[in-house]
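Protein chains in written order, with the numbering used here: chain C, 132 to 413; chain G, 91 to 361.
For the record, the hints were derived by calculation from the structure and aren't laboratory data.
Note that this is a predicted model, so its numbers are computed, not measured.
This list has only true hints and no planted wrong ones.
Between beta-carbon pairs, the in silico distance windows are:
1) G:267 x C:135: 41 to 49 Å
2) C:306 x G:271: 32 to 40 Å
3) G:236 x C:306: 27 to 35 Å
4) G:263 x C:232: 37 to 45 Å
5) G:210 x C:279: 52 to 60 Å
6) C:146 x G:234: 51 to 59 Å
7) G:234 x C:167: 50 to 58 Å
8) C:135 x G:118: 53 to 61 Å
9) G:234 x C:396: 26 to 34 Å
10) C:277 x G:145: 56 to 64 Å
11) G:210 x C:306: 36 to 44 Å
12) G:145 x C:167: 55 to 63 Å
13) G:154 x C:253: 32 to 40 Å
14) C:261 x G:112: 49 to 57 Å
From the three backbone atoms N, C-alpha and C, an ideal C-beta is built for every residue, glycine too.
In case you want the letters, here they are:
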Amino acid sequence: MTRLPAPDSVNLRDRYPDVFDRPLSSRLAIPAMLLGAFGIFVLGLVELEFSPARMLAGLNQLGWITMMMIPPDPGSSLPAYLVALGETLSIALLGTTLAAIFALPVSLLAARNIVPSNIFRFPVRRFLDSIRGVDTLIWALVWINVVGLGPFAGVLAIAVSDFGAFGKLFSEAIEAADRKQVEGIRASGGNTLHEIRFGLIPQVLPVIAGQVLYFIESNTRSATIIGIVGAGGIGLQLAEQIRVLEWQKVSFLILMILVAVAAIDWISGKLRFAIIGKRAVI
Amino acid sequence: MLVVEGLTCRFGAKAAVDDASFSIAPGSFVGVIGRSGAGKSTLLRMINRLAEPSKGRILFEGVDVTALRGRDLRQWRARSAMIFQQFNLVGRLDVLTNVLMGRLADIPSWRSLTQIWPERDKALAMSALEQFDMASLAAQRADQLSGGQQQRVAIARALVQEPDIILADEPIASLDPRNTRIVMDALLRINKHFGITVICNLHSLDLARTYCDRLIGMSAGRIVFDGAPATLTEHIARELYDLEANEVMGGAPAQAPAVSGVPALDTAAAA
Ligand SMILES: Nc1ncnc2c1ncn2[C@@H]1O[C@H](COP(=O)(O)OP(=O)(O)OP(=O)(O)O)[C@@H](O)[C@H]1O
Ligand SMILES: [Mg+2]
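Pulled out of the complex, with its shape left as it was, chain C reads as follows:
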């Protein structure tokens, strides 16, 4: 084992007083912050009327509802449910696709390596951020008022809110692309479009495709939720059955959703693999 010679601690203490005697304020900072956080947490519980008693009573109710759900049974509504599920899947698919199609060109404008100037990039980024800041559910309420109840409003809600998310994600993928490959195109005499088409797109397409697939998956869930507020699909059916306390139908609907999400998960996994695989990209 190596032994370092004894350090000259007096001398070192002189030279780096901050290291040896940390000021009181910096030593108290972390405990003070923890204490503060705990205080806010307790205050929150009190303010929101958190009550263990009510939860216990609720647990009882929850157990009862679960009992009522068994066995899951669609009754005579299976065809209607299948149509509704198809509607929800279409909302997710169409909404996500539209979002991706519109986000791609905009994300180029938000990427540093395409638009180096901060002045031009900044407004695009802020624009995307503000769209993203509004949740899909709120967009659904907005569009229901604009185009009326139904799946169309759902498609628009997902398209708009994910447009913001995709714009940001795509632009980050573009910024992470290897500059050398783009430079190879430029050095051969390609113009900006060529640089994007041949230098960037092949690099970012697999990343983008993976993100789109993931969003389709998670939007199947979102499409269910916005269905509840009136954007059509299986969510609407679910809300309806909960309202009339048809618990067996509710559990059947939930199972349908679970199976659909799992199926989409499986398909998108396969597709992602195929895209990232060994073949040359277009």
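Keeping the supplied structure of chain C fixed, place chain G with the ligands upon it in accordance with the hints.
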């Protein structure tokens, strides 16, 4: 004839290339040598206009290349093909498409962007690949090739640009000895067969002496040697490369006592 006049490139206060002047006759094979950081890459990149000169001019057949913009600039880039140390191929595109990138400046954009390549251009690309024994890999993705193979694809891409000059920036620095020979021989063949001027950055003095008919030596951005390989004396060569050792010594005095171990800790702390 390529003429470089007082070419300077600054990054901040530092001049990466400082007042370089030379002219190169068509058909020469010129080696640019010098230690790391001497400005070799920057010099080549300025000629291809990947880097902007801060001062000076580059003239090719009387045309001021430094003033070119837009379409003319892209035409010039095609005429001064660049080969990179890291190949700079598009990894996810197949070999053939990578070579076709060399045709971009000559093909209408609607055709290239939709990948409806004219027959002649495809034939050009395939024949270039054939010359470097790469035709059988045309459909392979570029990032699945070995380094030597990738560099041959890059040379094919440069060749189909039908360039007047090939600028090779340390084309063999990431290759093994066998591939080094293959790539350097390919450049030499292009040079002799098509009369294309080659300007090649090299680290190895031996290679430079073997392949080049003229050497330009750079040190700290300045051109300190320009002549036939035979006139590069041992003395000048040592100056070109040994500077490195000198500079390390001069730049960091704490380096010397470091050899003796622990005492250096004190020296460093006191500094
Ligand atoms: N884009 C840049 N920004 C800032 N400084 C740069 C840039 N490119 C090059 N330099 C600097 O310019 C100097 C010359 O660099 P250059 O790459 O031309 O050297 P080189 O001779 O090619 O070296 P090597 O043999 O290591 O490739 C270096 O000091 C480098 O740090
Ligand atoms: Mg270099």
